[in-house]
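S.K.: Each chain, letter by letter, is given below.
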Amino acid sequence: MDRSTTVEPRDPMPEGYRRTLVRQIAQHAHSEIIGMQPEGEWISRAPSLRRKAILMAKVQDEAGHGLYLYAAAETLGTPRADLLEALHAGRQKYSSIFNYPTLTWADVGAIGWLVDGAAIVNQVPLCRCSYGPYARAMVRICKEESFHQRQGFEILHTLARGTAEQRAMAQDAVDRFWWPSLMMFGPPDADSPNTEQSMAWGIKRFTNDELRQRFVDIAVPQAEALGLTLPDPELRWDEDRGHWHFGTPDFAELAEVVAGRGPCNADRLAHRVRAHEDGAWVREAAAAHAAKRAAREPAA
Amino acid sequence: MSGGASGGGEWPLWEVFVRARRGMAHVHVGSLHAPDADLALRNARDVYTRRQEGVSLWVVPSAEVVASTPDVRGSFFEPAADKDYRHPTHYTVPDGVQHL
Ligand SMILES: [Fe+2]
Ligand SMILES: [Fe+2]
Numbered sequence: 000m001d002r003s004t005t006v007e008p009r010d011p012m013p014e015g016y017r018r019t020l021v022r023q024i025a026q027h028a029h030s031e032i033i034g035m036q037p038e039g040e041w042i043s044r045a046p047s048l049r050r051k052a053i054l055m056a057k058v059q060d061e062a063g064h065g066l067y068l069y070a071a072a073e074t075l076g077t078p079r080a081d082l083l084e085a086l087h088a089g090r091q092k093y094s095s096i097f098n099y100p101t102l103t104w105a106d107v108g109a110i111g112w113l114v115d116g117a118a119i120v121n122q123v124p125l126c127r128c129s130y131g132p133y134a135r136a137m138v139r140i141c142k143e144e145s146f147h148q149r150q151g152f153e154i155l156h157t158l159a160r161g162t163a164e165q166r167a168m169a170q171d172a173v174d175r176f177w178w179p180s181l182m183m184f185g186p187p188d189a190d191s192p193n194t195e196q197s198m199a200w201g202i203k204r205f206t207n208d209e210l211r212q213r214f215v216d217i218a219v220p221q222a223e224a225l226g227l228t229l230p231d232p233e234l235r236w237d238e239d240r241g242h243w244h245f246g247t248p249d250f251a252e253l254a255e256v257v258a259g260r261g262p263c264n265a266d267r268l269a270h271r272v273r274a275h276e277d278g279a280w281v282r283e284a285a286a287a288h289a290a291k292r293a294a295r296e297p298a299a
Numbered sequence: 000m001s002g003g004a005s006g007g008g009e010w011p012l013w014e015v016f017v018r019a020r021r022g023m024a025h026v027h028v029g030s031l032h033a034p035d036a037d038l039a040l041r042n043a044r045d046v047y048t049r050r051q052e053g054v055s056l057w058v059v060p061s062a063e064v065v066a067s068t069p070d071v072r073g074s075f076f077e078p079a080a081d082k083d084y085r086h087p088t089h090y091t092v093p094d095g096v097q098h099l
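First to last, the protein sequences are chains Z and B. So the first sequence is residues 0 to 299, counted in numbering that gives the first Met the number 0. So the second sequence is residues 0 to 99, counted in numbering that gives the first Met the number 0.
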């Protein structure tokens with residue numbers, strides 16, 4: 000494939016390229032809508048009206064991101080209903096990070112700062128992905144993500160300057176979310192057999208380990224600004240490489256969570272299916288209303 | 000699961016165009032599913048203009064869009080390929096001549 004031109008929906012494309020894109024975009028879309036859950040749980044418990052309005056806007060954005068991405072996947076010929084069905088049946092995955100619980104308000108801060116932060120590092124190169132509709136969706140998403148990260152950072156910054164208890168809560172959230180955030184970049188390059196092909200197709204621009212390193216390099220000084228520590232005893236500046244050296248994430252844990260045995264996997268999926276079923280009457284009512292109006296129209 | 004049967008999959012697809020500011024053309028921004036034009040407009044507002052990205056919205060049923068075929072891209076647009084003289088850069092202008 001020619002790496003300089005963008006592929007558009009009706010262009011001829013290798014079957015493997017199409018399949019890889021559908022899988023990746025669908026997984027990405029699923030992550031956006033499942034990702035609404037851990038933070039959504041805190042909307043009713045946000046500590047102020049301002050924080051509540053911000054959190055609602057962020058969670059609503061994630062729903063929008065899901066929509067952009069499902070629309071991009073559909074341009075490859077896979078109906079959205081099929082993708083949702085595959086998610087609900089467990090045949091398609093979503094990001095492992097959303098299988099961790101949000102135990103305190105500080106977790107909302109840690110998610111914004113670290114999880115959205117890691118997502119941005121992953122997503123920025125995708126704005127130049129070889130498939131047009133995916134790249135364009137990513138441009139919109141990246142524009143919206145930066146407020147997500149900032150509001151999370153602000154939550155932690157506020158807590159870190161609060162009472163000893165608030166400070167401890169912020170530190171505890173960072174301690175719990177740091178390693179799972181590093182796992183968001185996927186298995187190490189040596190165990191990521193699809194990376195090479197995805198890079199040749201221009202779907203991926205950097206390897207998992209390259210992106211993970213980039214994220215650590217960005218996050219370490221930000222943690223310093225927060226006055227919080229990162230839970231990695233190996234963390235030190237590597238003068239020779241010009242990068243922060245960090246410890247190895249527990250990839251066995253990642254494999255467990257991806258396999259469906261994380262702390263919240265069953266809850267997340269059950270909640271998703273329930274929300275979809277509970278919303279069926281709305282979809283049916285809208286369809287019935289449209290049909291009734293369409294039937295009336297010629298007479299009017 | 001009532002999932003797929005009553006899901007968005009059966010609703011028609013709409014293409015969404017946004018006019019960012021007065022004086023600018025509507026630009027295609029993406030697509031969405033909706034049962035009718037009214038809901039397509041409302042959904043388009045919620046999905047594509049949450050940050051005041053537009054002052055006007057168009058929604059068009061995707062099925063109504065007539066498109067040129069990518070396979071014949073070459074021959075379809077070929078007639079314009081050898082008419083360089085349609086561009087001002089085709090012409091040489093003597094040194095010193097201005098406003099031309
Ligand atoms: Fe997002
Ligand atoms: Fe986000």
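None of these hints come from the bench; they were simulated from the model. Note that this is a predicted model, so its numbers are computed, not measured. For each residue, glycine too, the CB sits at the ideal point set by N, CA and C. Treat the hints with care, as some may be off.
What the hints assert, rightly or not - Looking from chain B toward chain Z, a few residues come up when the C-beta cut is under 7 Å (computed):
#1 Ala-19
#2 Gly-29
#3 Ser-30
#4 Pro-34
#5 Asp-35
#6 Val-46
S.K.: None of the hints should be skipped; say for each whether it holds.
M.R.: Hint-by-hint comparison with the structure:
1. Ala-19: 13 Å, violated
2. Gly-29: At 6 Å from the nearest chain Z Cβ, Gly-29 (chain B) passes the 7 Å test, so the hint holds.
3. Ser-30: Where the cut-off is 7 Å and the nearest Cβ of chain Z is about 5 Å from Ser-30 (chain B), the hint holds.
4. Pro-34: 4 Å, holds
5. Asp-35: Check passed: Cβ of Asp-35 (chain B) comes within 4 Å of chain Z, closer than 7 Å.
6. Val-46: OK, holds: Val-46 (chain B) within 7 Å of chain Z, min 5 Å.
In summary, the one numbered hint that this structure violates is 1.
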